[in-house]
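Colleague: Given chain A's structure and the hints, the job is docking chain B onto it.
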Amino acid sequence: MKTNLTQIHEVINQHGTNREALVEILRDLSQRSGYLTKEAMEVVATQLQLPPSEVFSVASFYTKINVEQLGKHVIKFCEDAPCHIAGGREIWEALEHKLGIQFGETTTDGFWTLWPTSCLGLCAVGPVMLVDDEPYGNLTPEKVTDILNHYRAGDAA
Amino acid sequence: MVYRAHVLISGSPQCIDLGAREVKATLLEELAALGLANEVQVMEVSTLGHDEQGPELVIYPEGTQYVDLTADDMRLIVAEHLLKGRPVEKLTYQEPPSEPLPPPSAKEVRVVLDNIGKIDPENIDDYIALDGYIALGEVLSTMAPDDVIAEMKKSGLRGRGGAGFPTWLKWTFARRAESEQKFVICNADEGDPGAFMNRRVLEGDPHAVLEGMAIAAYAIGAQQGYIYVRAEYPIAIKILRTAINQAREYGLLGKNIFESGFDFDIEIRMGAGAFVCGEETALMQSIEGKRGMPLTRPPYPANSGLWGDSTNINNVETLANVPKILRRGAEWFASMGTEKSKGTKTFAIAGKVARTGLIEVPLGMTIREIVYDIGGGVLNGKKFKAVQTGGPMGGCIPEKYLDLPVDYESLAGVGSMMGSGGFVVMDEDTCMVDIARFFMEFTQDESCGKCVPCRVGTRRMLEILERICAGEGKPGDIETLEGLATYIQDGSLCGLGQGAPNPVLSTLKYFRDEYEAHIYDKKCPAKVCKGLIEFTIDPEACIGCTRCARNCPVNAISGKPKETHVIDPEVCIRCGICAQVCPVDAVHVE
Numbered sequence: 001m002k003t004n005l006t007q008i009h010e011v012i013n014q015h016g017t018n019r020e021a022l023v024e025i026l027r028d029l030s031q032r033s034g035y036l037t038k039e040a041m042e043v044v045a046t047q048l049q050l051p052p053s054e055v056f057s058v059a060s061f062y063t064k065i066n067v068e069q070l071g072k073h074v075i076k077f078c079e080d081a082p083c084h085i086a087g088g089r090e091i092w093e094a095l096e097h098k099l100g101i102q103f104g105e106t107t108t109d110g111f112w113t114l115w116p117t118s119c120l121g122l123c124a125v126g127p128v129m130l131v132d133d134e135p136y137g138n139l140t141p142e143k144v145t146d147i148l149n150h151y152r153a154g155d156a157a
Numbered sequence: 158m159v160y161r162a163h164v165l166i167s168g169s170p171q172c173i174d175l176g177a178r179e180v181k182a183t184l185l186e187e188l189a190a191l192g193l194a195n196e197v198q199v200m201e202v203s204t205l206g207h208d209e210q211g212p213e214l215v216i217y218p219e220g221t222q223y224v225d226l227t228a229d230d231m232r233l234i235v236a237e238h239l240l241k242g243r244p245v246e247k248l249t250y251q252e253p254p255s256e257p258l259p260p261p262s263a264k265e266v267r268v269v270l271d272n273i274g275k276i277d278p279e280n281i282d283d284y285i286a287l288d289g290y291i292a293l294g295e296v297l298s299t300m301a302p303d304d305v306i307a308e309m310k311k312s313g314l315r316g317r318g319g320a321g322f323p324t325w326l327k328w329t330f331a332r333r334a335e336s337e338q339k340f341v342i343c344n345a346d347e348g349d350p351g352a353f354m355n356r357r358v359l360e361g362d363p364h365a366v367l368e369g370m371a372i373a374a375y376a377i378g379a380q381q382g383y384i385y386v387r388a389e390y391p392i393a394i395k396i397l398r399t400a401i402n403q404a405r406e407y408g409l410l411g412k413n414i415f416e417s418g419f420d421f422d423i424e425i426r427m428g429a430g431a432f433v434c435g436e437e438t439a440l441m442q443s444i445e446g447k448r449g450m451p452l453t454r455p456p457y458p459a460n461s462g463l464w465g466d467s468t469n470i471n472n473v474e475t476l477a478n479v480p481k482i483l484r485r486g487a488e489w490f491a492s493m494g495t496e497k498s499k500g501t502k503t504f505a506i507a508g509k510v511a512r513t514g515l516i517e518v519p520l521g522m523t524i525r526e527i528v529y530d531i532g533g534g535v536l537n538g539k540k541f542k543a544v545q546t547g548g549p550m551g552g553c554i555p556e557k558y559l560d561l562p563v564d565y566e567s568l569a570g571v572g573s574m575m576g577s578g579g580f581v582v583m584d585e586d587t588c589m590v591d592i593a594r595f596f597m598e599f600t601q602d603e604s605c606g607k608c609v610p611c612r613v614g615t616r617r618m619l620e621i622l623e624r625i626c627a628g629e630g631k632p633g634d635i636e637t638l639e640g641l642a643t644y645i646q647d648g649s650l651c652g653l654g655q656g657a658p659n660p661v662l663s664t665l666k667y668f669r670d671e672y673e674a675h676i677y678d679k680k681c682p683a684k685v686c687k688g689l690i691e692f693t694i695d696p697e698a699c700i701g702c703t704r705c706a707r708n709c710p711v712n713a714i715s716g717k718p719k720e721t722h723v724i725d726p727e728v729c730i731r732c733g734i735c736a737q738v739c740p741v742d743a744v745h746v747e
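Chains A and B, in that order, are what the protein sequence lines are.
Residue numbers for the first sequence follow the numbering used here, so the first one is 1 and each next one is one higher.
Residue numbers for the second sequence follow the numbering used here, so the first one is 158 and each next one is one higher.
In isolation and in its complexed conformation, chain B is listed as follows:
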């Protein structure tokens, strides 16, 4: 279909917070009402650059950029610009004279994210126009399954879901397995805190995943595929459904693909909200309609997976790399990255960093480059303290490793891991004990309960950490934590339990002094832990404006207007609202 106008609307978190969804809904409604739905194409893109002035959109072919939109503005733009061809000047973006946009970082290399924002994910023709499905066609018509695996071996691609297992080897195990039927599963149960790279790929370039699955299926000899998506991603599910249907219509899924005699089809399975289902054996249990609890390995899924048959499971990002490797060649892919970690990796940069969001870089880039050159440095000029990688089973990496290359081995070497690509930056105001407690709360909550060391052990560790943060830490607590950590690592079946102690162990390794300050000196050096801090009002600075007293949720502040106010530490719940509302910064934290 040929459109006469294209509207790109920003779906960045900032724009969504400022009402982009309502604006988009209005746009679609208005277009439908005026009969323009077939003339104007609407695409949601990750960002258009002016997130703080969202909701934002741009209309092509003119390239008119509109910012700060409301639903009413949208109606006006549709009626004027899209219907009558008259741009609405008063709503267009005005370039500020002194603040040009920062250019995109030259350090990023887009492979997996390359198509995103360039194509309409709900139109298979867009994907095909950018050489989509060429790799599948070539594989089916010119390559034997073993050739495909050999090419994957040359590329050096490793699993992007966490452990970094070589993809070609996983495929080889499944290929060699004797099984009546075989399955390929795409693990789209993305659940690591702050990591949303898989969602971006599923929502922005779904056919890359389908094509990758079809190639994997051909290589191992499978006819049926499943995509297991978490239920929290309704948009991704909708887009995947459309993509699968379009691929079937074009004969790119189904019977006799490319006249090669190869049959392959894909079904979507939705999760139902359980973090542990990202673990491969738990995921397969869930597909079978059971409680998603991990099983003992071996047997590995390649030998006994779904319903006991040979099954190959790959992560979304791994699969999205596959068509590109086969189209552009293993040498091209292997030219990026380090000796053992080839290619690029997406990271979700979050936390106390100036520019948050999704990036893609060649493996082996240093933490410093990611934080400072791409992330724009620590927020508000504060001091970098640590970066937490690898999600809730990863670890915190301190400042002294800022020049560490980010690859599988280097991260594991300092007690963390690659994981799915979470990258949470922490500054001097972050308490490392509180962070460890926080992650333990997460894993404790998500433990499925099957293995006692994980179920009970994480609970016990959490209780100790809660006590330490509350100022009731005792000598011996650190040693008990270390002992429990070993039991949990040794006695748990799956990665969740085995990795659960990592945040505690890595913070103990690099920030032991903070634990000791909490336990022995009853101080929280970062001034975060409520039980160890006290809010006071500086009598010299206080102007008696009464704002703190009026905003205190527990009436802990007394004082007459124009006189010095006082906080009663017995009543104070340390919520910090007084410090936030004080116009003269008279509230201090000790």
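Isolated chain A, as found in the complex:
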């Protein structure tokens, strides 16, 4: 992916070049382009007059700031207790099994990224996951298969 310099400067202009703006700048950039390239972090470092290592250390600390490229669709599966008790373990395993990847990974074709997430506040219909921003609740292994197929089919159409 190419580093979009205009976008970086736009975001920095919006938040300013104070040290305290760093988390917000990185999160914004990551959200806009999916993840932060090494060059992007270097540009931010220069603008905020910080060592690049400092920028990387902050970027890699927060889960909402990505330093690696993500899949086309991101599954965020709730890993919190209410969902776990409602049968989350089976869904967790079904997702890993069906996608052939572990949590935190992206499929080799770049279609799916599988992530755990903390509570989504939808405990009444646990287990719950988000596909991108779309919530799916009362999950069963069969329902997961249907959902995954639905996205694949939608993409082919």
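These are calculated hints, taken from the structure and not from any lab test.
Each hint should be verified, as a subset may be incorrect.
DSS-like, lysine-lysine: derived pairs with alpha carbons at most 30 Å apart [as the list claims (entries may be wrong)]:
| # | chain 1 | residue 1 | chain 2 | residue 2 |
| --- | --- | --- | --- | --- |
| 1 | A | Lys-76 | B | Lys-607 |
| 2 | B | Lys-540 | A | Lys-143 |
| 3 | B | Lys-717 | A | Lys-98 |
| 4 | B | Lys-310 | B | Lys-412 |
| 5 | A | Lys-64 | B | Lys-631 |
| 6 | B | Lys-275 | A | Lys-38 |
| 7 | A | Lys-64 | B | Lys-447 |
| 8 | B | Lys-631 | B | Lys-717 |
| 9 | B | Lys-680 | A | Lys-98 |
| 10 | A | Lys-64 | B | Lys-412 |
| 11 | B | Lys-717 | A | Lys-76 |
| 12 | A | Lys-143 | B | Lys-310 |
| 13 | A | Lys-76 | B | Lys-684 |
| 14 | A | Lys-143 | B | Lys-539 |
| 15 | B | Lys-687 | A | Lys-98 |
| 16 | B | Lys-412 | A | Lys-76 |
| 17 | A | Lys-143 | B | Lys-717 |
Modeller: This is chain B only, laid out in the frame that chain A set:
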């Protein structure tokens, strides 16, 4: 603005799962397209009572209730009911003759949640109409900062974020601190599993939080406030932004509030996904744009907080209580609750209970009342086993304490804590070792890595628990867990590390026999741990329908149609799908 119609749409988890967001989006689009956006007010509310038939909405003034909606239905309702005034009969809710709705529990008392669902959170006039900002006005015009703190002391309010530190005392420390400038922070980095009370308040009654912050700022002498919200709450952030702008327009934030000479403004800071940032020193590091890692205390934030200046940090629910205390009086607030724990507390009831969701009760109510009278008892008539309170740093409380009053001291006395109000009910089918392993996985993952005992210790504890759950537990494991727990508690800077061993310690205390069964008898009494159970098919019951074999993801089941099927335990991954799909319940777990 005066509206001719009001639409309340349910945003309950069930309704969202059934498509409420799409229906709401369609509603807004259609209203905009027909030029009705200024005539019809749309509000999302927590529930309308028929969650299983969602998406659901009700239209006033008629009070017509619609259920089971799709986007197409929504278009029809807008065109017919909202435009032409003709209710769409076929989509309205029909009261079933024999099943009246359960009445709301008389045991609940709403203080913090009182306005939610009654007001439009994006309209400051609604809040003001229900006496909003009166407390701030009175405080600024009639009370000295010390009077405010004295009133808070009389009320007995304690921090609702976890530890229960007296709010008035925290304010006093900040008030007395010598500092060039002072800050007030609202900690809205809610991250405990299943706890979403702060989100409800921020999304449903944001001005209560802003008003509480302004009063706190006046009491301690601060001019700038920050609300630190987790990035996972985009709706709360949007609503807060609107609320802050409206308050500024009305002169309730900014310069010279109520002509009193008092200046105060608020900025929102978004988190970026790190559970540990709910810890106050880590939170301030994050506001400063750094890695959110906790610092040594003392110095406490009251003396050296944001950028080294005096800072007061309160939780959302604590702050939302403040305007109500000052408006209705400390005596009123102190009349609820117990001797040491005053007022009400919200709890997010989740897990194996009939009615899940957010409740608010006076402190001191027993666990039994919450689980049975409000929660409707354990799901499917199963036996109550434990309740986990206090989030991932809390503990599991067993059945023998069902009559324990829920207050700060009582919960701490049995090895758990209040925390932010998580309340996860577990039944006989829950394995306590698996639960301990689960929470350890969470804390291990969220440990920021600064303190070695927490970083390495939680990892080691998790490995042992994983081994025990896999059926490879060894004599001595329990003792090692207990030893590690002590090191982690003693050697960690913040509450995350100090509390991380609690789920293990509390389950060891009350459910030690389950650990022993896993380690010595190689049995999981609740039949949860995969390494210790085996699925078999009862040859007497099996009808040879082949459904299990067709659904098995690893082809571990063999058998011809109409003949008894057999599971190969070597291939079986214990996913349990066969048991779920079997029409005659012939699959047994041993």
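Colleague: Tell me if the straight-line CA distance from Lys-540 of chain B to Lys-143 of chain A falls inside 30 Å.
Modeller: holds (29 Å)
Colleague: For the pair we were handed, Lys-310 of chain B and Lys-412 of chain B, check the Cα-Cα distance against 30 Å.
Modeller: Given pair Lys-310 of chain B, Lys-412 of chain B holds - Cα atoms ~28 Å apart, limit 30 Å.
Colleague: Against the 30 Å threshold, does the CA-CA distance of Lys-76 of chain A and Lys-607 of chain B hold or violate the hint?
Modeller: holds (27 Å)
Colleague: For the pair we were handed, Lys-64 of chain A and Lys-631 of chain B, check the Cα-Cα distance against 30 Å.
Modeller: Violated - the C-alpha atoms of Lys-631 of chain B and Lys-64 of chain A are around 39 Å apart, more than 30 Å.
Colleague: Is Lys-76 of chain A within 30 Å of Lys-684 of chain B, Cα to Cα?
Modeller: holds (28 Å)
Colleague: Going straight from one Cα to the other, do Lys-717 of chain B and Lys-76 of chain A come out at no more than 30 Å?
Modeller: violated (40 Å)
Colleague: For the pair we were handed, Lys-64 of chain A and Lys-447 of chain B, check the Cα-Cα distance against 30 Å.
Modeller: Status holds; Cα separation ~14 Å.
Colleague: Is the Cα-Cα distance between Lys-717 of chain B and Lys-98 of chain A 30 Å or less?
Modeller: holds (26 Å)
Colleague: CA of Lys-687 of chain B to CA of Lys-98 of chain A, is that 30 Å or under?
Modeller: Holds, because 19 Å separates the two Cα atoms, which is no more than 30 Å.
Colleague: Is Lys-143 of chain A close enough to Lys-539 of chain B, meaning Cα to Cα at most 30 Å?
Modeller: Between Lys-143 of chain A and Lys-539 of chain B the Cα gap is close to 26 Å, so the pair holds against 30 Å.
Colleague: Is it true that the CA of Lys-143 of chain A sits at most 30 Å from the CA of Lys-310 of chain B?
Modeller: violated (53 Å)
Colleague: Taking only the CA atoms, is the gap from Lys-631 of chain B to Lys-717 of chain B under or equal to 30 Å?
Modeller: Between Lys-631 of chain B and Lys-717 of chain B the Cα gap is close to 41 Å, so the pair fails against 30 Å, i.e. violated.
Consistency with the previously given hints fails for numbers 5, 6, 8, 10, 11, 12, 16, ordered from lowest to highest.
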